[in-house]
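Trainee: Assemble the whole structure, with the sequences as input and the hints as a guide.
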Amino acid sequence: MNSASLAKMEGSSSVEGNQKLPKRKKMINDEDTMSKLPEPLISRILSFLPTKDAVRTSVLSKKWLFCWTFITRLDLDDTDFYSLKKKTGGKMSFHNFVYRALLHTQTSTFESFSILLANEYDMSLLNTWIPNILTRSRNLRVETHSKMSFSALASHSLFDSMLLEEVVLKMDSCAIRVPKIFARFASLKLLKLSGILFTLHSSSKVLTLSFPLLKVFETVNCRWLNGNRLHLIVPLLERVVIVEDAVSMSNETSVLAIYFSRFSMKQFSYCGLANISYYFKLLDSSSAHNASVNVVVKQCPTNRVTVTKTRAFVLLNEFRQMKCVEFEGCEVLAQSKVVAKLPSFEMLSHLKLGLVSGEVLLGLLLKSPILKTLHFKGVSTFDTQVLNSVAVPDCLTSTLQVVKFDKLHGCEHELCLAKYFMENGLVLERISFYLVSLWLGKSKIMEKFKEKLFSFKKGFSFAIIEFSYDV
Amino acid sequence: MKMMKPYVWLQTSDDSIQQVEQEIAMFCPLICQEIIQKGMGSSKNCAICLPQQVSPAMLSLILDYCRFHQVPGRSNKERKSYDEKFVRIDTERLCELTSAADSLQLKPLVDLTSRALARIIEGKTPEEIRDIFHLPDDLTENVEVEEEHVDDRSVDDLLSFINGNDGGKLNILTILIFVFT
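Going down the list, the protein sequences come from chains A and B.
With the numbering used here as the guide, the letters of the first sequence map in order to residues 1 to 471.
With the numbering used here as the guide, the letters of the second sequence map in order to residues 1001 to 1181.
Since the hints were derived computationally from the structure, they do not count as laboratory data.
The C-beta atom is built at its ideal place from N, Cα and C for all residues, glycine as well.
Only true hints are included.
Below are the DSSO-like pairs computed for lysine-lysine, each with C-alpha atoms no more than 30 Å apart in a straight line:
#, chain 1, residue 1, chain 2, residue 2
1, B, K1077, A, K189
2, A, K377, A, K458
3, A, K323, A, K281
4, B, K1107, A, K52
5, A, K63, B, K1107
6, A, K298, A, K323
7, B, K1124, A, K62
8, A, K91, B, K1124
9, B, K1044, B, K1107
10, A, K215, B, K1077
11, A, K192, B, K1080
12, A, K341, A, K372
13, A, K266, B, K1077
14, B, K1085, A, K52
15, A, K448, A, K352
16, A, K452, A, K419
17, A, K337, A, K309
If the Cβ cut is set under 7 Å, some of the chain A residues that face chain B in the computed set are:
#, residue
18, L37
19, L41
20, R44
21, I45
22, F48
23, L49
24, D53
25, V59
26, L60
27, S61
28, K62
Mentor: Encoded structure:
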């Protein structure tokens, strides 16, 4: 506050002073409302306020002077310090605010601590703050757009932390040197990392991280450099999300395999822009029973097809006990002996695919004996003879109830596939066709398609066949 | 059937004694401890003495809260809307309630009322807050006198301060200046 507004405040209090005096005297006799609250309770209330507002309460009265210093949450958001009216001081006053918040708070352990930097800062500052923050907080959130690298002290305090329960680091490009080859995060339950480049310790090619309580593991565009294996011991892990969609990310020196130990997960999701970057392995009685798996590979450049193919098959093999799978980018599965390479998916009941070839689709159906619903977004042209070359998959005759045929063009090979489902799907209850465009629905092509479709012999006794245009 | 329901005897700050359903009273960790560890509350003669902060009015509010939340099968939405209505009381009673709930170690209610009080404070000027909570304005004089002071410690000083050397020594001055920068 500057002196002008201070003067204004004085002014207002002196003007109203006369009226308020009797009232206030009465209050003091009554004792003030808040004095019913002990100071720790006031600090607790202040913890629910934005930190800036909490600090402001120190001017209220003598009793309140230090209450804010015991708050258990710190939210340091630099956008609070930039206003359109004030042209200067935003950055500097934020600096001061953070320093003093760290300095004056007497809380030994913060329930939660977040520091959000929308503007550019000298990252050595963050490096001086982070070790202090890391040793004092249970839930930590750091967000910044600036490039930075953790100092040795900062990395040590991260990997030695015993308190941390939830960590969210959203960085644009942050280099962290892992100071050891084994680390245990005793209390960590949630880990979400974004834009972090870890460099493994030079003494080993393997980094082992133990998370006895971890439930959520999410990384977005993170890399593990200078090693070949990341080994995660995660007995309670429920959700894994790995996203790699930054174009600039090089693949050359990153670890090649991620191993999960003692892992009984419910949800696994991998999204890669160009390929699958890792071999995923499940070790030590890990299982993916009832898991739902989601794999997206957007465009695989030709030079990486072979390796991505191998990794895709390794992944499917490791997760063969899954219940639901969504696989986008099935081209990486296309190869001559797809059936022989695929494991048997004994538990799989829901299968959702992106654009898929007839061979791969048939291969997956043959390997999924109890499949209930099938959804695919388009079928690429394929040799329709293949449908008659093998036995009808078990799921078609006994379990498959719903087929969703997405991105329909009305082509000949699509008709062949539809015919195959109509004739062999003995327990089908619903077949839905989603047309690729609204125009198609009104065209002659569709008319003919329907006409032929309804003329086929039907294997099921009663089923709904629907056509719709999906936006 | 109703007679079978176990009751527990509670004594509030005005020395009056009342009988409440044990099931509901047990929601409060303090009462629960008294019953289980000390075997208190089973008769009028050994009623559980509640902390000074718990007046009969507050006890009845707290028991309402416990009674609602003790019923299983309520949806989160129902609970949330009940909570919202529950804290729509005047500030004075809200403070009393916070303090009473805290003395009974009823954490969910303390969080609920604390959050409500924080909402009252948020975005208000110091003068407004003082009015709401009837706080004595016993600092304003100091602010006027010390307004010109500037924290002239260098960043290094602050750093060594932050890193734990003599972190305990605070002075009123720095805090005040901090607020006004």
